[in-house]
Structure formats: structure tokens, C-alpha cells
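Asker: Sequence:
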Amino acid sequence: MKMNRRQWLHAGACSGLGLTWPHMAAAQNEYPSRPITFVVPFTAGGGGDMVARLMAKHLGERLKTAVVVENKAGAGGTIGSAHVLRSPPDGYTLLNMSSSYAMQAATTNVPFDPIRDVQPLLMVSRDPGVILVNANSKLRTGKDLFQAARQNPGRLTYGSAGIGTIAHLGMEALAFHMGVQMQHVPYKGSSQAFNDLLSGSIDLMLTTSTYGASFVKSGRAHALGICGSERTEVLPQVPSFVEQGWPDYVLYDWKAIAGPAGMPPQVVQTLNKAMNDVLALDAVKDKFRADGVAIVGGPPEVLAKTLRDEIGAWKSLVKRANVVVQ
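Residues -25 to -1, 1 to 301 in mature numbering (1 follows the signal peptide of the UniProt record, and there is no 0) are what the sequence shown lists, from first letter to last.
Simulated from the structure, these hints should not be mistaken for lab results.
Below, computed lysine-lysine pairings styled on DSBU-like, alpha-carbon distance capped at 30 Å: (1) K47 x K280; (2) K39 x K248; (3) K262 x K248; (4) K280 x K260; (5) K118 x K192; (6) K280 x K248; (7) K280 x K32; (8) K262 x K32; (9) K262 x K280; (10) K47 x K260; (11) K248 x K260; (12) K248 x K32; (13) K32 x K192; (14) K192 x K113; (15) K118 x K294; (16) K47 x K290; (17) K280 x K290; (18) K163 x K294; (19) K260 x K39; (20) K294 x K280; (21) K47 x K262; (22) K47 x K32; (23) K248 x K47; (24) K262 x K192; (25) K163 x K47; (26) K192 x K163; (27) K163 x K262; (28) K32 x K163; (29) K262 x K39; (30) K32 x K260; (31) K290 x K118.
What follows is a list of derived Cβ distance ranges for each label pair: (32) E205 x Q241: 34 to 42 Å; (33) R295 x N251: 35 to 43 Å; (34) K248 x P86: 26 to 34 Å; (35) N170 x A288: 27 to 35 Å; (36) D252 x D119: 39 to 47 Å; (37) D261 x A296: 37 to 45 Å; (38) A41 x R295: 43 to 51 Å; (39) R37 x D284: 23 to 31 Å; (40) P222 x S193: 26 to 34 Å.
Think of the CB as a built atom: it goes at the ideal place given N, C-alpha and C, for glycine as much as any other residue.
Let the sequences and hints guide you as you build the complete structure.
Answerer: So this is what it looks like as C-alpha cells:
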């Protein structure tokens, strides 16, 4: 009998681990019976890494097993994503994905099927973006950015965690709506790009309000505008780009957790319930609220729909804006 790609990968992984299907089934009845790994496809210290570690801590307590966070950065998140989606679908290797996953899938030739090869587990949170500059920058508002970019096409530089990430395509979307050009400087991770923003080596960076708020409040960076449809509680003094004259520029980052396709339904159900329970904890709700992040939660279908919708939307934007992603 001919096997499809997922079956072939799964069978090969099981063979390599010395496991047979009956043993796998027995192990899943006891799930979890060993540590779970959360793979973050970016370097440590970024917004996605912070959310992953918060979820891992409380999920481990609920499931009574260790949940280890492992950073596998590179190729705008594709290396870490591919690692998870090629892993045995047993619930022990999970992907902490973000909106950058959908963007990569929409704009690059990823080495997996971004819909068929993934098992959605939970949409964790939704967080408006914010565009920051160095504290000493002459740019203070969105209109300052527009005027500077119009007068000096391609001179302003912005950093990102790589081609196809939210910090890349989010800035290209803004440039499209403003009708200007800026220069992209890709890094291996957002924390490296952010360090260069703080030192003044690059001019701009799009990040989440969660990650950027502490730098703004401490005076190490300045916020030009919030990318959400309205102001955020964590940075109430910063106007949105909608307020500043660009009503079509609305951008949110989201965080989610998924695994490889083929996971047993009872494992998916166990993880989804436990993760929703984590989101209901007062300590977790308070942390997200303090960071200005909206908790989402719900069944796996919420994440599945988001992936389908956003991959289509970003494909459309890249085409309309003529964005070069290779």
C-alpha cells in the first residue's frame, strides 16, 4: 500500500526511535509520560519566547510534567517550524507559532504544507503591533515617518527577524499604505534587530506592544504609533496609525501552539483543555492584561481558521504591494 508523506514521515520517525505502533498507542494512553518540548522558531528574548515560557511554566504544572522551551531560529522561523512538523505526532514536540508562520507560508517556499502538515491546538493571544525608533531619533510621529520616507526614498532602514516575518511584512504593508519606500535589514532573531535599534544602527522596527512597552516606558525607545485599530492600555499615550491618517493600516500579532499533523485526538483534546485552563488562571490573565494583550483561547478550529484566512490575506497584499520576499 502506498503511503502519503505524513504517514511515511511518521512511520520512519517511529522506526528510528525503535517504537512500534502498539507501543505508541500504549504511551498515548498515559499522555504525558515524559517531558514536552515547546519549540520557539526564533532566538530567545523576543515576544514569542516570552509567551512560550509563560505558557510552558503553567502547562507543566497542570500536566505534571516538564515543559521545556527550545529555541530553533533561522529562515524567518521556517527552520523551527519544519523541525516540529517533521517530528513524530505524539504530542511531545510542539510549535509556538505566531503570525509570522502565516506570513512565511504566504510568501516563501516553505519545506512543508502549512495547512495539511499542522495540527492546530490553541490560539493563545492577540497583540497589536507598535513601530519604534531609537530614543534619540528625530522621528516622533507617523507623519514624521511619512515625510522622511517620501523625501528620502529607500534611505530609512528597519530591522526584522527575517524575510517574511511580521516585522518585515508589517513594515512593507505600512510602506504600501503610505506610498513610500524603506530598506529592510533582516536579522536571525528579533532581539538582535532590537539591539541595533537601541544603538541607532537601524532607524525603525515593528514589534508587539507586549515586547516594546517596557523600552518605551523606560525611555530607551520611542513609539511612532500603534498598529492596532485603537490605542492599547499598555501604551495609552501612543496614537494608532488609524488616528494618524492611515485607516487601512491595522496589524495584530498573534501567538498560538500547534503540533504535527496526525496527533491522536485524545492528545489534542488533552492539550487543548489544559492550555485553555492555563489561560483561565488569574496569574496568566493578569500578566497578559498588564502587557495589553488579548487572550483568545477556544478550540483548535479557531487557529485553523486564522491560518487559512491570514495566509490568503498576506498572499494578496504581497502581490498588490509588489513586495520582494526572496
